[in-house]
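Put together the whole structure using the sequences plus the hints.
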Amino acid sequence: MDDDMALPEPDRPIELELKFALSAEELRRVLRHPLLAGARAKSRVIASTYFDTPELALRERALSLRIRRDGRHYVQTVKAGEEATAPTERGEIQAPLTVAAPDLSRPELARAELRERLDGLDASALQPVFISRIRRSTRLVRLESGATIELSYDRGEIETPAGASLPVCELELELKEGDAEALFDLARALNRSLPLHVEPFSKAARGYALLRGDDVEAARRQAKVRLTPEMAVDHAFAAIVEHCVNHMVANDRAARRSEVEGVHQMRVALRRLRAMFKLFKAIIPEDERAHAVGEMKWISGTLGTARNWDVFAEHIAEVVAAFPGNAALEAVVEVTAEQQKSAHVAARDTIASARYTDFVLQMLGALTRHRSEARPAGTSMLLAAPIRQLASPLLDRRYRKARKLAKKFEGLDVAQRHRFRIALKELRYAMDALAGIYERKLVKRQLQRLAALQDDLGLLNDIATIDRLLAELEQMPEGARLHQGAAMIRGWFGRVAAEREAKLDKRVSGFLKAKPFWTLPEAA
Numbered sequence: 309m310d311d312d313m314a315l316p317e318p319d320r321p322i323e324l325e326l327k328f329a330l331s332a333e334e335l336r337r338v339l340r341h342p343l344l345a346g347a348r349a350k351s352r353v354i355a356s357t358y359f360d361t362p363e364l365a366l367r368e369r370a371l372s373l374r375i376r377r378d379g380r381h382y383v384q385t386v387k388a389g390e391e392a393t394a395p396t397e398r399g400e401i402q403a404p405l406t407v408a409a410p411d412l413s414r415p416e417l418a419r420a421e422l423r424e425r426l427d428g429l430d431a432s433a434l435q436p437v438f439i440s441r442i443r444r445s446t447r448l449v450r451l452e453s454g455a456t457i458e459l460s461y462d463r464g465e466i467e468t469p470a471g472a473s474l475p476v477c478e479l480e481l482e483l484k485e486g487d488a489e490a491l492f493d494l495a496r497a498l499n500r501s502l503p504l505h506v507e508p509f510s511k512a513a514r515g516y517a518l519l520r521g522d523d524v525e526a527a528r529r530q531a532k533v534r535l536t537p538e539m540a541v542d543h544a545f546a547a548i549v550e551h552c553v554n555h556m557v558a559n560d561r562a563a564r565r566s567e568v569e570g571v572h573q574m575r576v577a578l579r580r581l582r583a584m585f586k587l588f589k590a591i592i593p594e595d596e597r598a599h600a601v602g603e604m605k606w607i608s609g610t611l612g613t614a615r616n617w618d619v620f621a622e623h624i625a626e627v628v629a630a631f632p633g634n635a636a637l638e639a640v641v642e643v644t645a646e647q648q649k650s651a652h653v654a655a656r657d658t659i660a661s662a663r664y665t666d667f668v669l670q671m672l673g674a675l676t677r678h679r680s681e682a683r684p685a686g687t688s689m690l691l692a693a694p695i696r697q698l699a700s701p702l703l704d705r706r707y708r709k710a711r712k713l714a715k716k717f718e719g720l721d722v723a724q725r726h727r728f729r730i731a732l733k734e735l736r737y738a739m740d741a742l743a744g745i746y747e748r749k750l751v752k753r754q755l756q757r758l759a760a761l762q763d764d765l766g767l768l769n770d771i772a773t774i775d776r777l778l779a780e781l782e783q784m785p786e787g788a789r790l791h792q793g794a795a796m797i798r799g800w801f802g803r804v805a806a807e808r809e810a811k812l813d814k815r816v817s818g819f820l821k822a823k824p825f826w827t828l829p830e831a832a
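In my numbering, the protein residues as written are 309 to 832.
What the hints contain is simulated information worked out from the structure, not anything from laboratory work.
All clues given are correct.
With a straight-line Cα cutoff of 25 angstroms, these simulated DSS-like cross-link-like pairs (lysine-lysine) come out:
no., residue 1, residue 2
1, Lys589, Lys532
2, Lys532, Lys752
3, Lys733, Lys586
4, Lys586, Lys752
5, Lys821, Lys749
6, Lys605, Lys709
7, Lys532, Lys749
8, Lys814, Lys752
9, Lys484, Lys350
10, Lys605, Lys649
What follows is the structure, encoded as structure tokens:
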């Protein structure tokens, strides 16, 4: 996932929009919604040609360049951050052209942050890499609040010169006039009528995936969030949360397809999100925080069950590989597959629900408010303070909690160990989120140490979960035939646990000895 870089025109605000992926039948149903009744549609065919070098240099620089025909003229558009996002705000730079050929000498492209990315690029090497041919129908929806929203629905396809193609069917809502809340209110109303699914991938991202033969909807890891020391606290919080939401939404289709990694990445995104709401608790209204955390727990609940069975299946595969053809182990594998399938169906139902999309829309709406430059009168000075002033105290609070448990590690019971593991995880998420304002090497070194300790504790937690799930299987009607296999699995992982336990004291000691990077002079 690339880092977003907003590129608004100097005299034009960034567009505020939402996109949803739909089937043709779902689109027809949405357009019959009472809120859209009476709005007349205008249709036109749009052909957009995307350019890049043979080595895809623009893509490597997180840029996309397209030329779209507009009557007898052409419009060149450059966008940044065209990877997976949960888009609300879109920045782009447009320039009129007289011919359908890229022109990087346009004065609109002279802005410093963009010029850096274009520096050294051979404009003569740019060539068409894919084309989108879209029939766009547009309606203007005027709401009682006075807001005007442009509703567009696109149907068509993206094609590569080699003949590969990908269908497009999506709905876009763009705020033209009025308060941003109106955009999200309309989206949530439509979603209640028919569950919608946020489209996290731009046409450029989908086109490049088609060009490379990739699956644009495959599971994705989270990118690093980039903060600057002088960024206001509320803007830093919004940037961090946006990364978490993007990460979650970019993986929800993979999870709906029952991909193990998709479920895993969604859970990671939700855990990070919850950790950030805990870390920045002081700046979030309590009712907003409580509701959001409640929804995160609900989504995580079904995802967690699926993930537990996925991890169980992965681990017992080690034992099965060591004893090929063992009937008792094969019986465990068979029942496990049934439990996995059932858990993934429940997870899919959760992600496909209107409630899940409503949560995403609520988060995107909140992010839009947090990013606003205009803070309400009476807003706490803390929100406008630079993040560098708050980062170290926030990290210190998480660190002290983990350190307190680490000092008594040898005497911790199972429940206390679990709290220690969670405290370490929250510390790591906080370090990860705020890393950009500290010296990179120091952060990397400490994160690596923390990751090694977490891996050991995580494996031991997995083994405890394996034992619990084995007990569940043994309680099933067919449980009697599973006892022998369960005993073999318990024996195997009992040995693994003992080996891992032997390393833990050294790992914990290393954690206690490491000087926190945010307290060092280089981090000041």
